[in-house]
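Chemist: As a plain string of letters, each chain reads:
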Amino acid sequence: QKEVEQDPGPLSVPEGAIVSLNCTYSNSAFQYFMWYRQYSRKGPELLMYTYSSGNKEDGRFTAQVDKSSKYISLFIRDSQPSDSATYLCATSSNTGKLIFGQGTTLQVKP
Amino acid sequence: GAVVSQHPSRVICKSGTSVKIECRSLDFQATTMFWYRQFPKKSLMLMATSNEGSKATYEQGVEKDKFLINHASLTLSTLTVTSAHPEDSSFYICSARDPWGTSGRGGVFAEQFFGPGTRLTVL
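Here the protein sequences come in this chain order: R and X.
With the first letter of the first sequence counted as 1, position 57 gets the number 57 in the numbering used here; the numbers rise by one all the way through.
With the first letter of the second sequence counted as 1, position 93 gets the number 93 in the numbering used here; the numbers rise by one all the way through.
Possibly wrong hints are sitting among the right ones.
Taking CB as the label site, the calculated pair distances span [claimed, not checked]: (1) 5/R x 51/X: 27 to 33 angstroms; (2) 54/X x 18/R: 26 to 32 angstroms; (3) 14/R x 39/X: 38 to 44 angstroms; (4) 53/R x 123/X: 47 to 53 angstroms; (5) 27/R x 51/X: 23 to 29 angstroms; (6) 7/R x 17/X: 37 to 43 angstroms; (7) 77/R x 20/X: 40 to 46 angstroms.
Listed below are the simulated BS3-like cross-link pairs for lysine-lysine, each with C-alpha atoms no more than 25 angstroms apart in a straight line [what the hints assert, rightly or not]: (8) 42/X x 97/R; (9) 66/X x 14/X; (10) 14/X x 97/R; (11) 67/R x 56/R.
Hints were generated in silico from the structure; no laboratory data involved.
A virtual CB, placed ideally from N, CA and C, is assigned to each residue, including glycine.
I would like the entire structure built from these sequences, with the hints used as guidance.
Modeler: Structure (structure tokens):
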């Protein structure tokens, strides 16, 4: 079993839709959870991080962690064509190493 | 956020040659840098952790004699792919940990900033 599982998609939505991206993880010791956005042929950039359980909101983006079910989510409201990218969830081991999911490719159509 | 650069952004080489990739933290000092490899439509796989002034720590299955890592200063780490073969063709990405950043996380959990990646093609 992979430590972090993520549906690779692709996911295609119309502009303005609410997007839901999800990951599951296996190790209950993980404490930090991140979402990265990666445009084609570029390095990942951090969108949001969450410590332990709960929600965090930043503009159109909301990150959610449910440690009881080992489930992490990213919601994008009012999606825009510029949101089209690959979204990677990640968690941090106790040594600080990042463990990434496979990434979900999102396309927002005008 | 902090800026990390990589050079070159793209390299094409013949089989058997060696290729060096540089990773620089431009506006902060990074005692720890990381090297990742990413195949098309796949996740980032950590190859090794590079610590300034000491030997790199390689992940299981990564050949340390093939992927040489040097972290000679607080702002520069290099990855040399020795005797490259077509199966080494991939997207290589580095990241640098900013231990004194403003993320609110410290120590080993401090934020990592990623470079733009280097596309290596071995013919």
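Chemist: Is the hinted range of 38 to 44 angstroms satisfied by the C-beta distance from residue 14/R to residue 39/X?
Modeler: violated, 30 angstroms
Chemist: Please work out if residue 66/X and residue 14/X have their alpha carbons no farther apart than 25 angstroms.
Modeler: Distance ~16 angstroms between residue 66/X and residue 14/X Cα, so the pair holds.
Chemist: Below or equal to 25 angstroms on CA atoms is what counts here, so check residue 14/X against residue 97/R.
Modeler: violated, 33 angstroms
Chemist: Is 47 to 53 angstroms a correct range for the gap between the Cβ atoms of residue 53/R and residue 123/X?
Modeler: holds, 49 angstroms
Chemist: I want to verify a distance hint. Is the separation of the beta carbons of residue 77/R and residue 20/X within 40 to 46 angstroms?
Modeler: Roughly 44 angstroms apart at Cβ, these two residues keep to the hinted range, so it holds.
Chemist: Quick one: are residue 7/R and residue 17/X within 37 to 43 angstroms, going by C-beta?
Modeler: With Cβ atoms ~39 angstroms apart, the hint holds.
Chemist: Does the beta carbon distance between residue 5/R and residue 51/X stay inside 27 to 33 angstroms, or does it fall outside?
Modeler: holds, 30 angstroms
Chemist: Take a look at whether the Cβ-Cβ distance between residue 27/R and residue 51/X falls inside 23 to 29 angstroms.
Modeler: With Cβ atoms ~24 angstroms apart, the hint holds.
Chemist: Please check whether residue 54/X and residue 18/R have a Cβ separation lying inside 26 to 32 angstroms.
Modeler: Given a distance of about 47 angstroms, which is not inside 26 to 32 angstroms, the answer is violated.
Chemist: Hey, residue 67/R versus residue 56/R, does the alpha-carbon distance stay inside 25 angstroms?
Modeler: Holds, at about 14 angstroms.
Chemist: When you check the alpha-carbon spacing of residue 42/X and residue 97/R, does it fall within 25 angstroms?
Modeler: Within the cut-off at roughly 18 angstroms; holds.
The earlier numbered hints that this structure contradicts are 2, 3 and 10.
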